[in-house]
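Chemist: Chain by chain, the residues run as shown.
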Amino acid sequence: MPDVITANRLADGVVVFQTADGGWSEDFNHAAVLPDAAATKAALDRATDDVTRNLVVDAYSFAVETRNGHVAPKALREAIRAAGPTIRRDLGKQAEGHAPLSGPTAVKEADHVSL
Amino acid sequence: MYHYDDFDAAFVAARVEQFRDQVARRLSGELTEEQFRPHRLMNGLYLQLHSYMLRVAIPYGTLSSRQMRKLAEIARKYDRGYGHFTTRQNIQYNWPALKDTPDILAELSSVEMHAIQTSGNCIRNVTADHYAGVAHDEIADPRPYAEILRQWSSLHPEFSFLPRKFKIAVNGAAHDRAVIQAHDIGLQVVRNGEGEIGFTVYVGGGMGRTPFIGRKVREFLPERDLLAYIEAIMRVYNLEGRRDNKFKARIKILLHEKTLETLREEIEAEFAARDPKALDLPPEDVARVAAFFAPPELEPKKPVSDRVERRKSKDSRFASFFASNVVAHKVPGYVVVTVSLKAIGAVPGDASADQMDAVADLAEDYSHDELRVSHEQNLILPHVALDDLPAVYDRLASVGLSTANAGAVTDIIACPGLDYCTLATARSIPVAQRIAQRFGDGARARSIGPLKIKISGCVNACGHHHVGQIGILGLERAGEETYQITLGGSADENAAIGQITGPGFSSENIVGAIDTIVETYMGLRRGEDETFIEAFRRVGLAPFKEALYERSAGSDI
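Protein chains in written order, with the numbering used here: chain A, 80 to 194; chain B, 235 to 791.
Among the hints, erroneous ones may be present.
Residues from chain A shown here face chain B by an in silico Cβ test under 10 Å; the list is partial [as the list claims (entries may be wrong)]:
#	residue
1	130
2	131
3	133
4	136
5	163
6	176
Distance condition first, Cα-Cα at most 16 Å in a straight line; then the derived EDC-like pairs of lysine to aspartate or glutamate [unchecked claim]:
#	chain 1	residue 1	chain 2	residue 2
7	B	311	B	628
8	B	333	B	264
9	B	546	B	628
10	B	333	A	91
11	B	450	B	727
12	B	450	B	726
13	B	450	B	499
14	A	153	B	710
15	B	546	B	622
16	A	153	B	714
17	B	511	B	459
18	B	311	A	91
Now the in silico label distances, taken between C-beta atoms and shown as ranges [said to hold, decoys possible]:
#	chain 1	residue 1	chain 2	residue 2	range
19	B	259	A	121	29 to 37 Å
20	A	120	B	476	47 to 55 Å
21	B	272	A	115	33 to 41 Å
22	A	101	B	657	28 to 36 Å
23	A	175	B	259	26 to 34 Å
These are calculated hints, taken from the structure and not from any lab test. Predicted, not measured: the structure shown is a model, and the values here were computed from it. Beta carbons are placed, not taken as given, at the ideal position from N, Cα and C, and that holds for glycine.
Based on the provided sequences and hints, a complete structural model is requested.
Modeler: Here's what the structure looks like:
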């Protein structure tokens with residue numbers, strides 16, 4: 080199962096995703112998709128360095144999958160974290176156009192949760 | 235209202251500057267997250283799903299218009315224009331930046347508020363009946379005792395590193411509106427045969443993954459022994475509470491493992507060994523604090539208002555509001571108004587900054603500058619003249635706060651759940667919204683009568699589901715949200731833990747399942763006067779189980 084690395088930015092708590100160059104993006108769609116356990120471990124090591132450098136906190140990896148041709152978080156928790164509250168579509172990354180394009184929180188797929 | 239003296243003001247201001255320094259050292263890298271975490275938690279700052287979250291204490295749920303306006307200002311200036319009122323009478327901001335939190339705390343201190351001990355393994359914000367000081371059935375206002383406990387417990391060196399968090403609630407009326415039997419310590423104000431004030435003391439109540447109803451350790455504790463006896467309980471717990479297992483660390487587990495009799499003996503022995511002068515609470519000290527909570531001078535008026543009666547006769551919505559959200563004040567001609575934060579389809583407990591300002595203005599104009607937050611996640615205007623009620627109602631309606639559903643099927647408690655919380659296993663808010671939309675605010679909802687639905691998004695039970703008459707617990711099973719139902723819970727003086735109906739329901743089917751339960755109740759009740767909980771106590775779980783699992787097509791089994 081491919082993974083993505085995430086953390087919260089120290090100064091403001093904003094959820095960020097590790098990019099291919101080892102930096103951090105607020106947009107899930109810019110995250111590096113890590114194909115195997117070895118890649119995940121190497122990326123997590125790099126993320127841990129950024130924790131030590133006090134750039135981010137609570138770095139960890141989570142599983143992603145391909146849905147409708149787009150990479151999406153597998154677990155609902157991570158989908159909500161990458162998009163924003165499902166009950167406030169005007170808040171969080173979804174309000175800034177940074178939400179995953181597919182998966183449990185994508186608006187098109189899950190209108191029944193958008194009240 | 236309590237007002238800070240010079241000591242309080244200096245204490246809180248010093249705390250803000252201490253935290254400002256801690257945040258600066260964290261941001262510069264001088265402190266690691268591991269070193270910083272206990273400091274931020276002691277100041278109510280969590281790291282949640284999307285961001286940091288700041289939990290601000292509203293001691294015993296009482297606040298002034300000025301304080302509410304400050305909460306609104308903080309919501310606008312540092313957050314996303316709203317806040318969430320919680321089951322512990324606090325407010326939570328969901329999006330603050332770490333770098334801004336010292337400024338937020340400084341702003342709070344300017345109106346005598348803080349976030350001290352809203353997290354961490356310490357004595358948390360002491361909660362109380364939201365009708366304190368205005369209820370007909372009140373023996374004594376619980377807030378002076380809650381304030382005394384707050385002062386005693388704030389940064390108490392002996393009790394700042396307890397095995398686990400510790401929650402105290404005080405109720406001053408005959409009817410328990412503070413859920414005292416679901417707290418680590420519950421204090422019920424009583425009078426003895428001589429007419430003296432004291433407390434019945436309950437210990438070891440709690441929700442979470444292992445729910446227990448509190449047990450009575452003292453039938454009558456004299457008022458002046460309050461602090462000494464609480465200290466004795468805390469000492470026994472601090473010494474013997476389990477530190478080896480977070481899930482067994484609360485005093486409820488200690489009581490369960492030791493038995494009530496043994497724990498009581500140990501508490502009484504500790505109490506007997508006290509220095510009798512050290513924590514004596516003389517009546518003069520109680521009176522000094524109680525003076526802050528003296529009721530406003532209200533001139534009694536006619537208990538019936540022609541203006542209200544006329545409006546009721548021609549405006550059915552107002553009549554519904556009067557029936558559900560208004561109760562009589564202890565002074566004739568005045569009422570206590572519940573401002574529902576449960577508009578149909580709204581997020582339970584959320585209020586926008588504009589709504590906070592509007593309610594603050596109403597409190598200033600019509601309620602002697604005073605507001606309450608209830609553990610049921612509503613706001614209260616405690617001192618409204620009956621004649622002013624139509625004006626208050628109209629102004630509430632203009633900001634979407636006139637929903638007539640206090641205590642009704644749509645007045646649902648819900649924790650933030652998986653939409654915000656790192657601990658959650660399922661969403662709570664959308665379930666509450668969908669249930670509210672299913673029942674709506676029409677004749678059907680009114681015909682159901684009083685019904686308390688409480689929803690938690692994980693076993694930690696912030697949504698009080700164990701004591702919901704209908705409780706809903708959101709869990710995750712094989713990657714899907716699933717909802718377990720309990721029935722027959724009760725949060726008042728007849729406290730009870732709800733019974734699990736059986737297998738859980740999917741997100742899609744949970745609303746239908748609740749509808750089935752309500753329909754079953756409507757079908758078996760002995761008339762409109764028999765409430766849901768009364769009917770449940772008469773018939774038990776069986777008819778509901780049968781309806782849910784044998785007759786309903788909505789079951790997931």
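Chemist: Next step is simple, just say for each hint if it's right about the structure.
Modeler: Cross-check of the supplied hints:
1. 130: The hint holds - residue 130 of chain A has a Cβ within 10 Å of chain B, the shortest such distance being about 7 Å.
2. 131: Interface hint status for residue 131 of chain A: holds (8 Å vs cutoff 10 Å).
3. 133: holds (4 Å)
4. 136: holds (5 Å)
5. 163: At about 7 Å, which falls below the 10 Å cut-off, the nearest Cβ of chain B leaves the hint on residue 163 of chain A intact, so it holds.
6. 176: Check failed: Cβ of residue 176 of chain A comes no nearer than 16 Å to chain B, outside 10 Å.
7. B:311 - B:628: violated (28 Å)
8. B:333 - B:264: holds (15 Å)
9. B:546 - B:628: Holds, at roughly 13 Å.
10. B:333 - A:91: holds (7 Å)
11. B:450 - B:727: OK: residue 450 of chain B and residue 727 of chain B at ~12 Å, within 16 Å.
12. B:450 - B:726: holds (15 Å)
13. B:450 - B:499: Holds: residue 450 of chain B and residue 499 of chain B sit about 13 Å apart, inside 16 Å.
14. A:153 - B:710: Since the Cα atoms of residue 153 of chain A and residue 710 of chain B sit roughly 13 Å apart, the hinted pair holds (cutoff 16 Å).
15. B:546 - B:622: Holds, at about 13 Å.
16. A:153 - B:714: Holds, because 11 Å separates the two Cα atoms, which is no more than 16 Å.
17. B:511 - B:459: holds (10 Å)
18. B:311 - A:91: holds (14 Å)
19. B:259 - A:121: 29 to 37 Å: holds (31 Å)
20. A:120 - B:476: 47 to 55 Å: violated (36 Å)
21. B:272 - A:115: 33 to 41 Å: holds (37 Å)
22. A:101 - B:657: 28 to 36 Å: holds (30 Å)
23. A:175 - B:259: 26 to 34 Å: 31 Å Cβ-Cβ, so the 26 to 34 Å window holds.
Going down the numbered hints, you'll see the structure goes against 6, 7 and 20, while the others check out.
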